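J.: Here is what each chain is made of, one letter per residue.
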Amino acid sequence: MSEIKIIFIETDGTEKIVENAKLGATMMDVARANGIDGILGDCGGGCACATCHVYVDPAWQAVVGNPDEIEEMTLDMAGEVQANSRLSCQLVLNSEMDGIKVTVAPLV
Amino acid sequence: MNSSQPSAGSACPYSGKPLADLSLTDPLIQAYPTSFYQTLRSEEPVHFDAKLGMWLVSRYEDIVTLLRDPDTYSDKHGYEAQYASGYFEEFKEILEREGGGFFSDAIKSDPPYHTRIRKLLEKAFTAHRVKALEPGITKIVADLADKFAEKAANGNVVDGVKEFAIPLTIAVICEQMGIDQYNGEKISRWSVAITAQIGRMQNRESMIANAKEICDLQNFIIAQMKDREQSPREDMISDLVHASTEDGEKLTFAEAVSLIRALIIAGNDTTATAIGNLLFILATKPELAQELYDNVEDSRYMNRFVEELLRYAPPVRGLAKMTTCETELGGQKLPKGAHMLVLYASGNADETRFECPQQFDTGRGNLGSHVAFGVGIHRCIGASLARMEINVAAKELIKRVKNIKLAIPMDELKYQPTVATHTIESLPMLLERRV
Ligand code: HEM
Ligand code: FES
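Chain order of the listed sequences is A and B.
Heads up: the first sequence is residues 1 to 108, going by my numbering.
Heads up: the second sequence is residues 1 to 435, going by my numbering.
No lab work stands behind these hints: they were computed from the structure.
From a predicted model like this one, the values you see are computed outputs, not experimental measurements.
Take these hints with a grain of salt, some might be off.
Over 10 Å on every C-beta distance to chain B, these chain A residues come out as not near it, computed from the model [as the list claims (entries may be wrong)]:
hint, residue
1, K22
2, G24
3, T51
4, D57
5, A62
Quick list of in silico lysine-lysine cross-link-like pairs, DSBU-like style, CA-CA up to 30 Å [to be verified]:
hint, chain 1, residue 1, chain 2, residue 2
6, A, K5, B, K123
7, A, K22, B, K131
8, B, K250, B, K131
For every residue, glycine included, the Cβ atom is placed at its ideal position computed from N, Cα and C.
Same shape as in the complex, but just chain A (with noise of 0.2 Å):
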C-alpha cells in the first residue's frame, strides 16, 4: 500500500474524501492539492502559521500521537485549540492512518 484514504470534514460541514493519499506526505499538502477548504498552509509546513489547524477524530488520535513541545507553541497562538487539535502539516502520513478522519478548525 503506497497510499491511504482520508476523510476531512471541512468548517461547513461537507465531507470530502481523498482516497489517493500518498504515504509520507504531510496531510496539509493532501489536504491543499486537494483543495480542502481551511487549509491553507501559508508557511509551507514550516511549523509557523497555524494555517493547517484540524482537529483529530478521537477514535484516530493515539493512532498520530501528540503534538511535540514546538507544534504545541504554535498551536497555543492559533485560537479555538482543543485537546485533539494537530497542526497538519506536522502529520506525516502512514500505513496506521488509512481511514483517518479529521475536523479542519475554523481560522480565526
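Chain B with the ligands: place on chain A using the hints.
T.: Just chain B with the ligands, lined up with the frame of chain A:
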C-alpha cells in the same frame, strides 16, 4: 492605557484635519501613525493617498482579503513600482555599471514562479530547524547583553538600538550566512540602503548614495558566492549556491544573488526594529518589564509575549501590491494597476479584530492572528527565526537588567523616515544591572 504610545498623546499633529489633507508621506504621521490609521479605518478604509500616489488599505479584514488573493493583487508589480520610485532607470544604470548587474528580486514575484522559489527557501526556516540554532544564538545574545549591561552599569547612557538591537541581528545573520564580523558591520548600512528603495522618502542625492551601497553589497555577495562555489561550507550562502528545485533545476546566478541579498536584508532591519520596540516598551512600561522578569522561565508566556509585541508594535508598516484587473475592496472600486500599500500595522490595531488594541495583553485569545508577518503566500519566511531572536533577546536581557528607563523625553525619539517600516532610529536609555 496609552502612556507609552506617543502617537496617542497630545502631540497629535493632524487632529481635526480632513483625510484629504493628510498623507503618509508626512514624517510626523510616519512617526506617530496611530490616530491616522484609526481615521482611515473609520472614515475610508481603502483610501487614495494622493501625495503618495497609493491606495492605503487599513482594515484587518481588507488586508487579509487582499493578501489571500495574489492573482488580483500582484506582489511583483507592486514591489517594482515602489522600488527606487522616481529614479528607477538611473538607479538600475548605477547597479549595472558598478554593482555586477541589476538583479530583480526573485522572491518578490507571483505564482507560479514564486511558488518554485519559495519552496527552495522554506526548508531552511522551519520552526524545527530554527530551534536547533537557538543554543548558538543564545550564546551570541548573552554575550551582547553582558556588554550592554556592563556599559550601562556605571550610570552611562546606552543606545538600545545602536548598541543592542542592531549588533544582535547582524551577529545572527553573519552566523547564519557564514559572513565574518568585519563585513557584518557594513550590513547595517546596506540594509538601510535597500530599505530606502521601498520607503518612498528618497531624493536623488540619497538614491545615488544608496545605489553605491547596494553595489558594494552585491559585489560582496558575488565574491562570497565564488568562494562557496570553490569550497562549500555549512552556511546558507553555500546552500543557495548549490540549491536546486524539486524538478532538479538550478537557480540562475541572478536568482541566487537576489535571494542571498534578500535574506541578508529582509531579516535585519525588521528584527532589529522589533528588538528596539522591545526595549522601548520595557523602558516605558515598568509593570510589564516586571511581569516579563517574573515569567522568564515560562516558555508559553515568553512565546505569547513575543507575539503580542509583534502585534502591538509591528516593525513592518506597509508593503506594496498592485491590482492586475479592475476590482473592489472594502466597498472601494479599484482600477487595474492600482498601487496598494498594505498597512499591516493598522490591521494589528483594528479594534473590530483586537479588543482594546492599544493594550499590551499576552492573554489575548486571537493573539496569533495578527498580521505583522503578513498572511498568504508571501507570509514572512523568517518568522520562526525572528520570533526566536526576539525571544532570546527579551530573556537574556531581562535576566540581567532592571529599572530600564528612557534617557530622553519620549517626544524626542527619532523614527526613520519611510512608509515601509516604523523604526526607532536611536534609543538612549538608562538601566541597572541585576546582581
Ligand atoms: C520581526 C521581524 C520580521 C518581520 C516583522 C517581518 C515581516 C515580513 C512581512 C510583513 C513580509 C511580507 C508579507 C507580504 O508580502 O505581505 C515578510 C516577507 C519576507 N520576510 Fe520577513 N519579517 C521579519 C523577519 C524576517 C527574517 C528574520 C527573515 C529571514 C532571514 C525574513 C525574510 C523574509 C522574506 C524572504 C520574505 C519574502 C517572502 C515572500 O515574499 O514569499 N523576514 N516579512
Ligand atoms: S503549514 Fe504553517 S504551521 Fe502548518
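J.: So, for every hint listed, does it hold in this structure?
T.: Quick rundown of the hints versus the structure:
With a cut of 10 Å on Cβ distances, A:K22 stays outside the contact zone with chain B, its closest approach being about 14 Å. Annotated as non-interface, A:G24 keeps its C-beta farther than 10 Å from every C-beta of chain B; the closest such distance is 14 Å. With a least CB separation of 8 Å from chain B, A:T51 falls inside the 10 Å interface cut-off, contrary to its annotation. Every Cβ of chain B is farther than 10 Å from the Cβ of A:D57; the closest lies at roughly 24 Å, confirming the non-interface assignment.
Against chain B, the non-interface label of A:A62 holds: every CB pair exceeds 10 Å, the least being about 23 Å. At roughly 27 Å between alpha-carbon atoms, A:K5 and B:K123 fall within 30 Å of each other, so this suggested pair holds. Annotation: proposed proximity of A:K22 to B:K131 holds, straight-line Cα distance about 28 Å (limit 30 Å). For the hint pairing B:K250 with B:K131, the CA-to-CA distance comes to about 28 Å; that is within 30 Å, so the pair holds.
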